[in-house]
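Chemist: Each chain, written out:
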Amino acid sequence: GAVVSQHPSWVICKSGTSVKIECRSLDFQATTMFWYRQFPKQSLMLMATSNEGSKATYEQGVEKDKFLINHASLTLSTLTVTSAHPEDSSFYICSAGLAGALRQETQYFGPGTRLLVL
Amino acid sequence: TQLLEQSPQFLSIQEGENLTVYCNSSSVFSSLQWYRQEPGEGPVLLVTVVTGGEVKKLKRLTFQFGDARKDSSLHITAAQTGDTGLYLCAGITGNQFYFGTGTSLTVIP
Chain A
34 GAVVSQHPSW
44 VICKSGTSVK
54 IECRSLDFQA
64 TTMFWYRQFP
74 KQSLMLMATS
84 NEGSKATYEQ
94 GVEKDKFLIN
104 HASLTLSTLT
114 VTSAHPEDSS
124 FYICSAGLAG
134 ALRQETQYFG
144 PGTRLLVL
Chain B
27 TQLLEQSPQF
37 LSIQEGENLT
47 VYCNSSSVFS
57 SLQWYRQEPG
67 EGPVLLVTVV
77 TGGEVKKLKR
87 LTFQFGDARK
97 DSSLHITAAQ
107 TGDTGLYLCA
117 GITGNQFYFG
127 TGTSLTVIP
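Here the protein sequences line up with chains A and B, keeping their order.
To get my numbering, take the position in the first sequence, counting from 1, and add 33.
To get my numbering, take the position in the second sequence, counting from 1, and add 26.
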């Protein structure tokens, strides 16, 4: 089956530093990747949609200069949290849409990255 | 924004009991999915329902899509501790994907 990995799985950093999270589709090509943020026992909040070779589309209220997304290839998207602050602490999850899929619901989720900003 | 409300938000039951989780919206979806997510992991797809009125069974889990394709339910029979987790519905329309508000289920042994 299609597998999506995220790295790192968890990260602790000091306030003011930048953190990069990688999302990789391991055995398929993903033209679209999605980045979500999740607080404990709450649903996933879509942050942005990332398309290979083009700029990401951010959801309302998400600062694009704060959360930099780069979808450099069909198997890799990165999310960089710039100048992280404690309020950015959260669980970040990516998902990848299968290239060539006829329906939107062919989406595979990564295992998530827990970020703690001190 | 197409909002999918799930109820209840939190549920704690004894092992062996039955339960139903609801996912409601005022919007029509072309399909609807249910996911289960365990702490520290990504969501795992349980089922996709496409046709209004469709019922799908996955062992002790029964999923139903409303006739008007605006709502769905998940029924678990004889809950087990392994069913503990966050259950999320997700509605799909066009190229848009909307997650529900989530139901956190705890099954007590």
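Some hints here could point you the wrong way.
[Stated by the list, open to error] FRET-style restraints, in silico, Cβ to Cβ:
hint, chain 1, residue 1, chain 2, residue 2, range
1, B, Pro135, A, Leu149, 43 to 51 Å
2, A, Lys99, B, Arg86, 37 to 45 Å
3, A, Gly94, B, Pro135, 36 to 44 Å
4, B, Gly78, A, Lys99, 21 to 29 Å
5, B, Lys85, A, Gly49, 22 to 30 Å
6, A, Lys99, B, Gly66, 20 to 28 Å
7, A, Lys88, B, Lys83, 22 to 30 Å
8, A, Glu96, B, Leu84, 23 to 31 Å
To be clear, the hints were calculated from the coordinates, so they are not data collected in a lab.
Idealized CB from N, CA, C, for every residue including glycine.
Chemist: Just tell me: holds or violated, for the beta carbon distance of Glu96 (chain A) and Leu84 (chain B) against 23 to 31 Å?
Modeler: violated (40 Å)
Chemist: With respect to the beta-carbon atoms only, verify the hint that Lys99 (chain A) and Arg86 (chain B) lie 37 to 45 Å apart.
Modeler: About 43 Å separates the Cβ atoms of Lys99 (chain A) and Arg86 (chain B), which means 37 to 45 Å holds.
Chemist: Between Lys99 (chain A) and Gly66 (chain B), is the Cβ distance one that fits in 20 to 28 Å?
Modeler: holds (24 Å)
Chemist: Would you say the C-beta atoms of Lys85 (chain B) and Gly49 (chain A) sit inside 22 to 30 Å of each other?
Modeler: violated (49 Å)
Chemist: So the hint says 43 to 51 Å: do the beta-carbon atoms of Pro135 (chain B) and Leu149 (chain A) match that?
Modeler: violated (31 Å)
Chemist: Between Gly94 (chain A) and Pro135 (chain B), does the beta-carbon spacing fit 36 to 44 Å?
Modeler: This hint holds: roughly 41 Å between Cβ atoms.
Chemist: Taking the Cβ atom of Gly78 (chain B) and the Cβ atom of Lys99 (chain A), is their distance within the range 21 to 29 Å?
Modeler: violated (41 Å)
Chemist: Falls inside 22 to 30 Å, the C-beta gap from Lys88 (chain A) to Lys83 (chain B)?
Modeler: violated (43 Å)
Hints 1, 4, 5, 7 and 8 from the earlier list are contradicted by this structure; the remaining hints agree with it.
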